[in-house]
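Asker: Next come the chains, spelled out residue by residue.
There are 2 protein chains.
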Amino acid sequence: MFLAQIHVTYKPSILDPQGVAIKNAMHRLSFNEVDAVTQGKYFEVTLNAESKDAAEQQIDSICDTLLANPNMETYRYDVKELANQ
Amino acid sequence: MFLAQIHVTYKPSILDPQGVAIKNAMHRLSFNEVDAVTQGKYFEVTLNAESKDAAEQQIDSICDTLLANPNMETYRYDVKELANQ
Chain A
1 MFLAQIHVTY KPSILDPQGV AIKNAMHRLS FNEVDAVTQG KYFEVTLNAE SKDAAEQQID
61 SICDTLLANP NMETYRYDVK ELANQ
Chain B
1 MFLAQIHVTY KPSILDPQGV AIKNAMHRLS FNEVDAVTQG KYFEVTLNAE SKDAAEQQID
61 SICDTLLANP NMETYRYDVK ELANQ
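Heads up: the sequence lines are chains A and B, in that order.
For the first sequence, position 20 (counting from the first letter as 1) is numbered 20 according to full-length UniProt numbering, and the numbering increases by one without interruption.
For the second sequence, position 75 (counting from the first letter as 1) is numbered 75 according to full-length UniProt numbering, and the numbering increases by one without interruption.
Put simply, identical chains are the same to the list, so a pair is met inside one copy or across any two.
Taking lysine-lysine pairs in the DSBU-like style, the calculated list, with each CA pair at most 35 angstroms apart, reads:
{"#": "1", "residue 1": "23", "residue 2": "52"}
{"#": "2", "residue 1": "52", "residue 2": "80"}
{"#": "3", "residue 1": "41", "residue 2": "52"}
{"#": "4", "residue 1": "41", "residue 2": "80"}
{"#": "5", "residue 1": "11", "residue 2": "23"}
{"#": "6", "residue 1": "41", "residue 2": "11"}
{"#": "7", "residue 1": "11", "residue 2": "80"}
{"#": "8", "residue 1": "80", "residue 2": "23"}
{"#": "9", "residue 1": "41", "residue 2": "23"}
{"#": "10", "residue 1": "52", "residue 2": "11"}
Worth flagging that the hints you see were computed from the coordinates, not collected in a lab.
Since this is a predicted model, take the numbers as computed values, not measurements.
Take the sequences, apply the hints, and build the full model.
Answerer: Following this line, the structure appears as structure tokens:
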């Protein structure tokens with residue numbers, strides 16, 4: 001059993017209006033020290049696989065087909081093995 | 001300048017219908033090895049602070065007041081210092 005921790009974020013060239021809105025909300029709440037905010041998505045996926053390599057391959061294609069929009073977003077992930085239960 | 005990487009996720013006791021929907025979508029796309037999925041939010045916040053402790057205190061109150069719903073969600077974060085620009 002493997003656990004993949006996946007981060008999906010906008011590519012740097014893509015405008016992130018949500019991040020800007022959150023930053024403005026922080027300034028309105030007097031958190032004036034905040035300089036920049038970006039929001040992304042975070043997934044934890046538990047999956048069965050024969051090896052860590054196989055799990056990473058699975059996660060790659062899951063991200064490509066479902067979790068990230070390759071035109072606008074980029075993803076990164078860590079896969080770790082869970083202790084057998 | 002400090003960078004905070006913040007993860008906001010549902011508390012374990014809270015039902016996560018979005019995670020279940022994503023898992024079902026994966027199964028429909030023949031990723032049958034997937035056992036469980038949870039979705040959370042991920043924020044990167046850059047802020048000015050005098051010290052790492054001060055930055056962590058800021059991030060704590062930002063999470064409490066704005067980024068996480070304390071009834072349903074829990075958060076964790078890492079703060080690291082950015083090289084001076």
